[in-house]
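These are the residues of each chain, in order.
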Amino acid sequence: MFDFRSVWDVVLLVGLVVAIAPWFGAYLGRVYMNRPAFGDAILAPIESALYRLLGTSPRSAMRSSEYMLAVLFVNGGVFVFLFVFLALQHALPLDATGAPNMHWTLAFHSAASFTTNTDFTHFTNESQLSLGALMVAWPLALFLSAATGLSVAAAMVRGFVRKDGTLGNFYVDLVRTMTRVLMPLAFLLALALVLLGVPETLTNYAIAHPLTGGTQTIYLGPVASFQAISFLGTNGGGFYSTNAASPLANPSAVSDLLGTFAMMLIPFSTPFAFGQIVRRKGEAWPFMGTILIVFAIALGLFVAYQAAVNPALAGLSGLGPQTAGYPVGQETRFGLTDGSLFQVVSVYTNTGANNMQIGALAPVAQLVLLFGMFTQSTPGGDGTGFGMLLLFAILGIFVGGLMVGRSPEYLGKKVGTGHVKWAALALLTHPALILVPFVLAVAGGFVTVASGSLPASAHTFTAVLYEFTSEAANNGSALGASSFNDTTWFFNIAGGLVMLLGRFVPIFAMLKVGGMFSEESVLPPGPGTLRTASATFTVYITLFLIIVSVLLFLPVIALGPLAQIVGGP
Amino acid sequence: MDEDAPPPGSVVSVRRVPHTSIVRVLVDSFKLFRPGQQVRSPVMFCVYVLFLFLVGITLVPRVFPDLVGTYNPSYYLWITVILFLTLWFANVSTAIAEAQGRARADALRTIRSGIRARQVLPDGTTQWVPSDVLHVGDTVEIRPGEPVPMDGDVTQGAALIDEAMMTGESEPVTRESGGDKTSVLGGTQVLQGTARIRVTAVRGESFLDRLIRLVEGQGREPTPNELALGVLLSALTVALFTVVVTFVYLAHFTDIVTVDLGTIVALFVCLMPTTIGALLPAIGISGINRTARANVITKSGKAVEAAGDLDVLILDKTGTITVGNRLASQFVAAPGVPMPELLEGALLASSLDDTPEGRSIVRLAARRNAPTRRLEPGKFKVLPFTAERRMSGITLPDGVEVFKGSLQAMETYGAVLPLELRRAAAEASKEGMTPLAISFNRRAIGLVFLKDVVKPGIRDRLRELKTMGIRTIMCTGDNRLTAAAIARESGVDEYVAEARPESKLLLIDREKAKGRLVAMTGDGTNDAPALARADVGLAMNSGTSAAKEAGNMVDLDNDPTKLIEVVSIGKQLLITRGALTTFSITNDVAKYFAIIPAIFIGSGSATLPGIEIMNILGMTNPHLAVLSALLFNGLIIPILIPLAIVGVPFRPRSAIDLLRRNLILYGFGGLVSAFVGIKLLYLLLSYLSTTSFSAQVGGIVGHLLPLGGL
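In order, the protein sequence lines correspond to chains A and B. Residues in the first sequence are numbered consecutively from 0, following numbering that gives the first Met the number 0. Residues in the second sequence are numbered consecutively from 0, following numbering that gives the first Met the number 0.
Hints are supplied without guarantee of correctness; some may be wrong.
To be verified - With a straight-line Cα cutoff of 27 Å, these simulated DSS-like cross-link-like pairs (lysine-lysine) come out: (1) B:298 x B:511; (2) B:561 x B:298; (3) B:180 x B:298; (4) B:454 x B:180; (5) A:280 x B:513; (6) B:429 x B:454; (7) B:678 x A:162; (8) A:420 x A:162; (9) B:513 x A:413; (10) B:511 x B:429; (11) B:298 x B:513; (12) B:561 x B:429; (13) A:413 x B:429; (14) B:561 x B:513; (15) A:413 x B:180; (16) B:429 x A:162; (17) B:561 x B:465; (18) B:454 x B:380; (19) A:280 x A:162; (20) B:301 x B:454; (21) A:162 x B:380; (22) B:465 x B:513; (23) B:301 x A:420; (24) A:413 x B:454; (25) B:429 x B:301; (26) A:413 x B:298.
To be verified - Chain A regions said to be covered by chain B (calculated; three or more residues, Cβ under 8 Å): (27) 290 to 296; (28) 401 to 413; (29) 517 to 529.
Derived by calculation from the structure, the hints in this document are not laboratory data. Where a beta carbon is used, it is the ideal one built from N, C-alpha and C, also for glycine.
In isolation and in its complexed conformation, chain A is listed as follows:
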């Protein structure tokens, strides 16, 4: 199944993204610097009208706590709206397929999931979701959650170039993200997907009469536009339950690669937006380097282990000639490499769209995906991924700064107790949000991992670990519910809380850290300052991120993916 020629697809696509990223990142940066830019003639009047409507102006800057309140106000609004909509969806219009009202715990989980850019679903779209929710409630959340992430990252980065304690205006950032980034790109991408054969219609469903007799309901709707923002916003929620493995949502290898590109575009460009905003373009490269190194190792391991012979099947009689790889659950239309690229990109950008069955992957491949969610910053989701990377870097700079014998500083701003406190809080909350609910689930008997046989227990262990990791990282991909039942009230409530805390605690920390930087004056770079735009620093930050993640997660990795390996890796 492994074809070396397909490696070119990966090289070309990643190469294309890396080539476009500096340019697109610079554009993103200009969007958040409120500079005159392409499209002002049409967009500026619309934006002014929206600002007036919202009663705000680009000139009224917020401090970190005010910015946080605005984030909570908007996202809280989205959350309440989704919760009410889902709990009452049967009573609301546009429920042509007859989806029932969601139980409040499921509505809670789903509302939290879509508000937090996670898009983890504990239900089946086709039978449990009304078309109204799909067409009205979901898109609102898909756009606003991605825009929130990008705005927060922009606000945090502004801290480096401001001295008055302010971080910008959240409403203005939100509007500009929509008008300048997400809406135009989503429109173009949807158009491209339609051309590739993805449905875009207001028809609810078509009835097919297959040869086997009976009837089959094929759900339809604005699939292309839904998929577009789902990819661009690193949301990952699919129109169909089968997500990107559905031939209607992802009809061909070309649409698969286009989707991959759309997921990568914003997260891979954000470091350059950062370079643009702090007016030091070279500073983007250490982050881009870190992202690329971790991503390349991840993809390499994933493909290598997926291409290897499954040792569990080796030696079994009656299977016929042994084919290499783990073909079960693999989407054969895209081939091993392209399919793997989509999956790794999807998890590493915290999109969480699936085009394969993760539960059937080689244990090491599962481990690779888990690792991406442990770091949640290589490159991570829109905005927040880069914010996390910056928090990692701040801790790294603190330790590294001591090692060069100067009080640590970054971009001319001192890194002190406050910054360390908040960065450590955000990064160390992550393991707690994964492990503590896991313990509660086991302690409360909500999941039974113990099965008597070790690989099976380890597999269930991995599935539960994957569930909470995906929720804590606001990823949304799932290992597959077949291993355990996650549609119980416990997993709904616990999962919902994990997603909310996993989203808003780091956001709070990012804004706090940005706010503290914004209150400091800028120190000029002297000859004794650590040059951060350098290869040494890139390698240092990469190793720091990998080692800290390994320290925090190696024990559970041993219990899950590593214990699952049978008969050789």
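Dock chain B against chain A, hints included.
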């Protein structure tokens, strides 16, 4: 009062190097086991609590039957002992650092004990009082053979004072009223002369007291970087605690593996940043000790750390960069005058000139083999140098006037200066030299150039500063040309010529406005405002009290380039902390690879291929694997104590070079040394257990801590 009674309380000169008593260190290391002391370091306090917990289990294992599984007494005993050792090693490191400081403080204190003062009463008479009762502003008299009772300023008279016990400088210094040499230190010894001093500090506030307090570690506030590092280490500890506890629970109740309680404790202790946590207090204390050993008194630990961050250093030219006096460097003869004639003239004109400049002309002329002439005493007239005349020389018995002086003075005197000489003089001025003309009876025979001589070695020190990223600015009252020449020769980055007293202050303000950290050295009263304004102000001990009060450090050796040492100490302090933190973190990776496979092997579960990959150290005995990781974790503390006390080796380099180097040394080194160290300890323990430890060692230790049963 009997005025001539000998002063009670003799002064002990403390030249010997203070030594630390091993017994005292041992006693202190056990005193530090007090919970009140332990709670200061959150990381070590966790180890402390776990240790007490294990003691409880070891004493009454039946209380925790569910937790300990199949209870193996010697395994638990070993873990408990190693935890005790870990805590004790941490205490020893702190005790050593404190003892070093205390030894110095004790030595200093003996100087002061029982000193009495001859107080001058308002009616002019004197009386003996204990020095404790003196107040700021009181006047005391000091006489030969008596100690100076308190820090003060000489208000009347002059005295030759031996400051060796404070500064280690064996050359006595003169202190006199007026000018910049008025300040005396309490505890020093008067050799000659009688003087009256006004007390400027009372007991408890003098420099001696301050030095004692600092080296004893009292009032040592944690610096901002220390606080931030503490936060990071605590956060890491809390996160790792969560990781370990949940891991154990999940492993146990999901039936994958069961973990022994002792192993859990060992795993947690191994993962906590105990190395840096244990050594953090010692690093901070010995930073202060090192500044004290460099004969610098700091007013706070913060100032030492600030020194590591310096961007700009403002230096005086005279006395710091140059030796202080101009010296003759070259002769230029007038057209038609033979060189020997010029040399002879120069020699004659300067032979009775006692200024350093004059002496240097004599030296240079003699080196060039100037013809000498015997001068009979009383047969010639000396024209001494005065500021108004600006020339000097002698009138020989035959009435010939041999004078030397500045070119303008020569013209006023009536000497004719050939054009060639004028041109050469102008050239020399451009290079920062001072030309003097020499004349025989109003006939200019040539020139001698005086040159500011840069101190030997100053160039290298300035280059060191440059590699550390510190910009140097030279401040001088000289004209622009001279300043530029000295700047070029010494390698300072910038200079301020024709400086006035307030120039330094303006310079500091200018640099601080740009957000830079500025240091300066100074000794005069007019330096005080600038010393106070600078982020690091190093005052010279020979300077006035005002200057010393204004700066945040005082150098007892009066060496302005001492600042370079202070900068190095500050940087070393930060690097040591950063390096040991990195070392702690990378060590953890290796410990995981020892303990996690051990847990799987120990729980009796089938050898899993995935776990086998992790067991790269090839350990088969789970208990010994855990013990060797834990033992390594403990033993690394005493191994690193010298590093914490002395500081990591520091050579000035660029920041990125330092990062690369320290990353390889302490990051990669931490990883490799832990793998190697744990494996070696494992081999050792395995050997001891197979050859029956009890039989080998015999006695109580072997019976109490049997390895064979593990």
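Against the structure, the hints:
1. B:298 x B:511: holds, 21 Å
2. B:561 x B:298: holds, 16 Å
3. B:180 x B:298: Measuring from Cα to Cα gives roughly 22 Å; hence the hint holds.
4. B:454 x B:180: This hinted pair holds, its Cα atoms lying about 23 Å apart.
5. A:280 x B:513: This hinted pair holds, its Cα atoms lying about 23 Å apart.
6. B:429 x B:454: With a Cα-Cα distance of about 21 Å, the restraint between residue 429 of chain B and residue 454 of chain B holds, given a limit of 27 Å.
7. B:678 x A:162: Distance ~53 Å between residue 678 of chain B and residue 162 of chain A Cα, so the pair is violated.
8. A:420 x A:162: holds, 21 Å
9. B:513 x A:413: holds, 15 Å
10. B:511 x B:429: violated, 32 Å
11. B:298 x B:513: holds, 26 Å
12. B:561 x B:429: It is violated: about 32 Å lies between the C-alpha atoms, which goes past 27 Å.
13. A:413 x B:429: violated, 44 Å
14. B:561 x B:513: It holds: about 25 Å lies between the C-alpha atoms, which stays within 27 Å.
15. A:413 x B:180: violated, 41 Å
16. B:429 x A:162: violated, 46 Å
17. B:561 x B:465: Given pair residue 561 of chain B, residue 465 of chain B holds - Cα atoms ~16 Å apart, limit 27 Å.
18. B:454 x B:380: violated, 36 Å
19. A:280 x A:162: holds, 20 Å
20. B:301 x B:454: violated, 31 Å
21. A:162 x B:380: violated, 72 Å
22. B:465 x B:513: Distance ~19 Å between residue 465 of chain B and residue 513 of chain B Cα, so the pair holds.
23. B:301 x A:420: Holds, because 21 Å separates the two Cα atoms, which is no more than 27 Å.
24. A:413 x B:454: Measuring from Cα to Cα gives roughly 37 Å; hence the hint is violated.
25. B:429 x B:301: With a Cα-Cα distance of about 44 Å, the restraint between residue 429 of chain B and residue 301 of chain B is violated, given a limit of 27 Å.
26. A:413 x B:298: Distance of about 23 Å is within 27 Å: holds.
27. 290 to 296: violated (count 0)
28. 401 to 413: That given contact holds, which follows from 8 residues of the stretch 401 to 413 of chain A lying within Cβ reach (below 8 Å) of chain B.
29. 517 to 529: Check passed, 9 qualifying residues.
Comparing the model with each earlier hint shows violations of hints 7, 10, 12, 13, 15, 16, 18, 20, 21, 24, 25, 27; every other hint is respected.
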